[in-house]
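Enquirer: Note that the protein sequences, when read in sequence, are chains A and B. Heads up: the first sequence begins at 9 in this note's numbering, then just goes up one per residue. Heads up: the second sequence begins at 2 in this note's numbering, then just goes up one per residue.
I should point out that these hints are in silico values taken from the structure, not numbers from a laboratory. Check each hint, because a few of them may be wrong.
To spell it out: a stretch of chain B is covered by chain A in this simulated footprint if at least three of its residues, at any positions, have a beta carbon under 8 Å from a beta carbon of chain A; those stretches are [what the hints assert, rightly or not]:
hint, region
1, 44-58
2, 76-84
3, 93-100
Nothing here was measured: the structure is a model prediction, and the numbers come from that model. Quick reminder that beta carbons are idealized off the backbone N, C-alpha and C, glycines included.
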Amino acid sequence: MDVLERIDEQVKGNAVVIYMKGTPQFPQCGFSMRAVQALQECGVPFAYVNVLQDPEIFEHLPRYADWPTFPQLYIDGELVGGCDITLELHASGELRPMVEQAAARAEGGAAAR
Amino acid sequence: MNRRTRIENRLREALEPLHLDVVDESYMHAVTPDAESHFKLLVVSEAFAGQALIERHRTINTLLAEEFEQGLHALSQHTWTPEEWHEKGGVAPQSPPCQGGSGAA
Numbered sequence: 009m010d011v012l013e014r015i016d017e018q019v020k021g022n023a024v025v026i027y028m029k030g031t032p033q034f035p036q037c038g039f040s041m042r043a044v045q046a047l048q049e050c051g052v053p054f055a056y057v058n059v060l061q062d063p064e065i066f067e068h069l070p071r072y073a074d075w076p077t078f079p080q081l082y083i084d085g086e087l088v089g090g091c092d093i094t095l096e097l098h099a100s101g102e103l104r105p106m107v108e109q110a111a112a113r114a115e116g117g118a119a120a121r
Numbered sequence: 002m003n004r005r006t007r008i009e010n011r012l013r014e015a016l017e018p019l020h021l022d023v024v025d026e027s028y029m030h031a032v033t034p035d036a037e038s039h040f041k042l043l044v045v046s047e048a049f050a051g052q053a054l055i056e057r058h059r060t061i062n063t064l065l066a067e068e069f070e071q072g073l074h075a076l077s078q079h080t081w082t083p084e085e086w087h088e089k090g091g092v093a094p095q096s097p098p099c100q101g102g103s104g105a106a
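Only chain B is shown next, with the shape it has when bound in the complex:
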């Protein structure tokens, strides 16, 4: 099972998201294309209601702790409730281009 599928399964199980996108963006960075190192998440879940952004990100970081231990290097997170998702018009911002620093990790 690749990392994207593992992340999807873990988040679906724990957060029952209304919408979930897990994108492997490793190809955008200074790593080999199959590195599975840089990911972007869009998670829309009622579970985030009443939580500050940092709490939502901490929840996800904790759920994915094993992946961080095993080479997950960057995780861009867009974590919204269904209401916020609707207000934002339903799209996640684009991730930035690499500036070369990944190789130093």
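Looking at chain A on its own, in the form it has when it is part of the complex:
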């Protein structure tokens, strides 16, 4: 499968997915660390992709949504932004309802099938 198709599947197949350097337990970049902490504080399960473990995704993700840096947070198949935007949404109280609603919609979709 083409790498952009692989990314597309991850983005569309997960209500919430973060592309980060390292893992939520062991982030390897300060920006990834802060973004994933904000996400964890929302208390909703999410998927992650460690771009340091996947050189192909590391190389090509920036052109998937035309965003040059990591981390990248996708909710409901849409790019939300990087670290700064994730943190600002968290600080303003918007992030939690966004991920909760996305997770609920995904669950609803799964139950309907």
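For chain A, the structure is supplied; the task is to place chain B on it using the hints.
Expert: What follows is chain B alone, placed relative to chain A:
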């Protein structure tokens, strides 16, 4: 001309900011101190009025596309309208410490 000056010039010209801080934070990361790889921006501009954060960041990413092609690695962006800037009391958040992953780029 160093990268900080190029970024400043580009953003001043395009966004006519009321306030602009461009900080080279490369020294905070796992790169040589003169790497010019990690920057933080505080841009206060009327040009952002009515735009979502992601649109503002995309505007800046596009303006600085050449810098990203030439080794700009991380760009922390705080992009506010003059009103938002005033509400926030006029300071940008501190950037996080490096966790070592830059070297893998």
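Enquirer: Which numbered conditions among the earlier hints are violated in the structure presented, ordered from lowest to highest?
Expert: none
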